[in-house]
Amino acid sequence: MAILELENVHSYYGHIHALKGVSLIVEEGEIVTLIGANGAGKSTTLKTISGLLRPREGHIRLNGEDLSAYKAHDIVSKGVVQVPEGRRVFGRLTVTENLEMGAYTRSNASETAQAVERVFHLFPRLKERHNQLAGTLSGGEQQMLATGRALMAYPKVLLLDEPSMGLAPVLVDSIFDTIKQLHREGTTILLVEQNARMALQIADRGYVLQTGQVVLNDSAQNLRQNETVQKAYLGIS
Amino acid sequence: MNKKTSFNWLGAIQIGLIGGVVALLVSLIGMVEEFSQRDIISGVITMGQTLIVIAILMAGYFAASRAAGEAATMRAISGALAGLVASALLTGLVVIIPPLNLRSIFPNASPALINILTFNQETVVGILYLLITGAVVGTLGGLIDILPAQIRRSVVLALFWVGLLGLLQELIRVTLTNMPQVGAALKWMFGSRGLSIPGAVAVFIVVAGGNYLWAARGGQVQDRFRALPPTQRRASQWGGALVVIAVLLYLPRILGPYLSEVANIVGLFILAGLGLNIVVGFAGLLDLGYVAFYAIGAYVMGVLTTNAIGQNAGQIVFGPEFSFWQALPIAVGAAVLFGVLLGIPVLKMRGDYLAIVTLGFGEIIRILALSDFLKPYIGGSQGIVEVGQGEIGNFVFGTPQTLYYMIFAACLLAVFISWRLRDSRPGRAWKALREDEDVAQAMGINLVATKLLAFATGAAFSGLSGAIFASKVGSIYPHSFNLLFSINVLALIIIGGMGSLPGVFVGALILAGLPELLREFAEYRLLMYGALLIVMMLTRPEGFWPEATHRRELHEEFGAEGEPRAEIVKTPGGAR
Ligand SMILES: Nc1ncnc2c1ncn2[C@@H]1O[C@H](COP(=O)(O)OP(=O)(O)OP(=O)(O)O)[C@@H](O)[C@H]1O
Ligand SMILES: [Mg+2]
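Protein chains in written order, with the working numbering: chain A, 1 to 237; chain B, 1 to 576.
Be aware that one or more of the hints could be misleading.
With a straight-line Cα cutoff of 20 Å, these simulated SDA-like cross-link-like pairs (lysine to any residue) come out [stated by the list, open to error]:
id: 1; chain 1: A; residue 1: K156; chain 2: A; residue 2: T112
id: 2; chain 1: A; residue 1: K71; chain 2: B; residue 2: V448
id: 3; chain 1: A; residue 1: K71; chain 2: B; residue 2: K187
id: 4; chain 1: B; residue 1: K348; chain 2: B; residue 2: K187
id: 5; chain 1: A; residue 1: K71; chain 2: B; residue 2: L452
id: 6; chain 1: B; residue 1: K348; chain 2: A; residue 2: R54
id: 7; chain 1: A; residue 1: K71; chain 2: B; residue 2: D436
id: 8; chain 1: A; residue 1: K78; chain 2: B; residue 2: N446
id: 9; chain 1: A; residue 1: K71; chain 2: B; residue 2: I344
id: 10; chain 1: A; residue 1: K156; chain 2: A; residue 2: V170
id: 11; chain 1: B; residue 1: K187; chain 2: B; residue 2: Y212
Calculated directly from the structure, the hints in this document are not laboratory data.
All of these numbers come straight from a predicted model, not from anything done at the bench.
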């Protein structure tokens, strides 16, 4: 049984029909990537999974259990945690305080301290700046913080929305290294990326989204060889 | 270009004009005359004159600091020039009032005002005095700017304290009569209408000297305190808190009935402020209808305890005649219930929209209280009289001095609850909610429960405050529960510092205490709020006693690379 399964999901923003029957499967321990042009519905898919948006039709299942009855905060405590698009950190709180917020669903103090240490281990840069206000971090550091904060809840499924957006190539590499590291530690990851080349390198499988629909779905290797993908997303003609 | 010609005369004149306009304004709206009944330093300077002196002093100060980089004499001269210009404007006022019959437009442009401005001299001599005084005060302002930073801070603080003690001298004297020994020892400090000259000098020296020494040595003391082992530190903090509580418990004896009443009014505002501080300060939900819960607490207390029932005795047809203590939990419960009921429809609203809707809710409650429809039950515009009083055995909470203890206990409880909530899970959830609602949700925070808890706790404190208020004044009328109450409470937490517990106390003392103590202020209450808020937003946007997070936001101490960025502002008393 897949850890996460979407079946014919339709989502709306008011009258705008953003997802038109998306179905996808993520197996335990996999990295699955979702690629597509701007406005294809990638972020919408993640928001729908994490409960910030309710699907009007279709089912989302976590380990076979239908999530439609749950609120966003329940879904977090079930182990599905999203890193929102665009580095939404709590700007007026310090790095450490931001991380502690991430452990909101686990109230135990010693567990929290341990989780902070783990994040600092993954992102040594954050450790150097633990007392700095998150709003004054550089863009890349804020991305690390947003990711680290999501890890504080020890997610079973991590939903990453464009972790490489706006980062210098070196930082992109290091973010992707971290994702691989998390993957090795057993976290299941659904990765939304504009940087399709990098995404398809670390992913096991991938889905291509176009105007709210899945148009392609294959192993990452096959997608890399696929002509349409090469043309549209990898810039190879 | 030659440096001399680049000197900024125009700048000094400009600032002088601004200072002059401020002085004109306070004169023409009547503040100067109204405030002249009280001396700051007996026989030397009245409160009204102080207002003008402050305006000119500031003009001199800013003119001098605008000329920064020039020689000290040039800066002093800039100050003098600005002072001269400002007083020249006042001179103009003195000259044009009689021929133009300005009084038909400005009722306060009276002969008394002219007398104050001309030092009770003949017009020509008076004008000369006024101009000379203006120049001298402007120069003094300039000199303050020239002083080294630390001395300047001490001098300004000392001037502030002289002013404050002069303002409050009547109260201090009343208080001292309740402590004969201390009173006799301090008698020399006060003249017939204000501080005596030696008293003022003594205050100035003690405050300035004390502040200067503390600035030089205080760091060491603080370091030594920090170096104490945590257990000892905690013990001394608790010890300090206990001393404060003991003093507060003894306070009504010293204060006497009138000042105890003032303390009670401040206390009720503190209680309401603590509640709104949770809603606005902790959770960031801007609630402008806060008076609703205060009204509900008061009305429930009134209806349940009054024994003025029936056509002849009172206005309302039904009342269970409960005791105060039976009614109190019901009143608080009703406020909480309405807090939640209001909370549910506005769950999805943010910022301005939330403010408008809550504003409407507050008005609805007031209009309902006034309505004929509910008149048989809550009295309509005639209100409810003979509200019950709390008693324990033979002890009746009826006089200001006894009610003080009830209000004190309520505040203590509210502070304790606020403090515990702030440092626990709900507090963290509120903080996240205040910072970013969407991300808070993505962190697994239950938005509905978190918001409703904030509304409910805030309403509980406000309802408690209203219930005690009803019992204190004994009768309640709809007009006590207007929008101004919500604004007062909101202003007091802004001035104290959003989300800060000590800030609520400071804000309530300034906004609720001062107007009660000084009847002159009461008339200019709204003007004072406005002026105070503007000055604060410019100089101390985080409030007088801010919470750590908020202060950090407004005065970022470290930039992205870890080096100091904006100016580092030290606030007395430390964080929280
Ligand atoms: N809050 C919203 N209200 C209305 N429409 C929205 C909202 N958010 C997204 N949309 C619309 O839904 C569609 C899908 O948006 P989505 O954010 O999922 O795109 P995306 O694939 O993540 O794009 P990008 O790569 O640019 O982030 C777009 O047409 C967008 O305009
Ligand atoms: Mg997106």
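Measure nothing beyond the straight line between the CA atoms of A:K71 and B:D436; if it is 20 Å or shorter, mark the hint as holding.
holds (18 Å)
Agreement of A:K78 and B:N446 with the hint, judged by alpha carbon distance not exceeding 20 Å:
Judged against 20 Å, a Cα distance of about 14 Å means the pair holds.
Proposed proximity, A:R54 with B:K348 (alpha carbon, max 20 Å):
holds (15 Å)
Within a Cα-Cα threshold of 20 Å, do A:K71 and B:I344 meet the stated pairing?
holds (16 Å)
Under the criterion that the straight-line Cα-Cα distance not exceed 20 Å, is the pair B:K348, B:K187 satisfied?
violated (61 Å)
Just to be careful, I want the Cα atoms of A:K71 and B:K187 compared with a cutoff of 20 Å; is the pair within it?
violated (69 Å)
Given the hint that A:K156 pairs with A:V170, does the C-alpha gap stay at or below 20 Å?
violated (28 Å)
For the pair we were handed, A:K71 and B:V448, check the Cα-Cα distance against 20 Å.
Since the Cα atoms of A:K71 and B:V448 sit roughly 10 Å apart, the hinted pair holds (cutoff 20 Å).
Given the hinted pair A:K71 and B:L452, is their alpha-carbon gap at most 20 Å?
Holds, at about 16 Å.
Within 20 Å, alpha carbon to alpha carbon, are B:K187 and B:Y212?
Given pair B:K187, B:Y212 is violated - Cα atoms ~27 Å apart, limit 20 Å.
Run the distance test for A:K156 versus A:T112: straight-line Cα separation, threshold 20 Å.
Answer holds: A:K156 to A:T112 is near 17 Å, not above 20 Å.
Taken one by one, the earlier hints fail for this structure at numbers 3, 4, 10 and 11, listed in ascending order.
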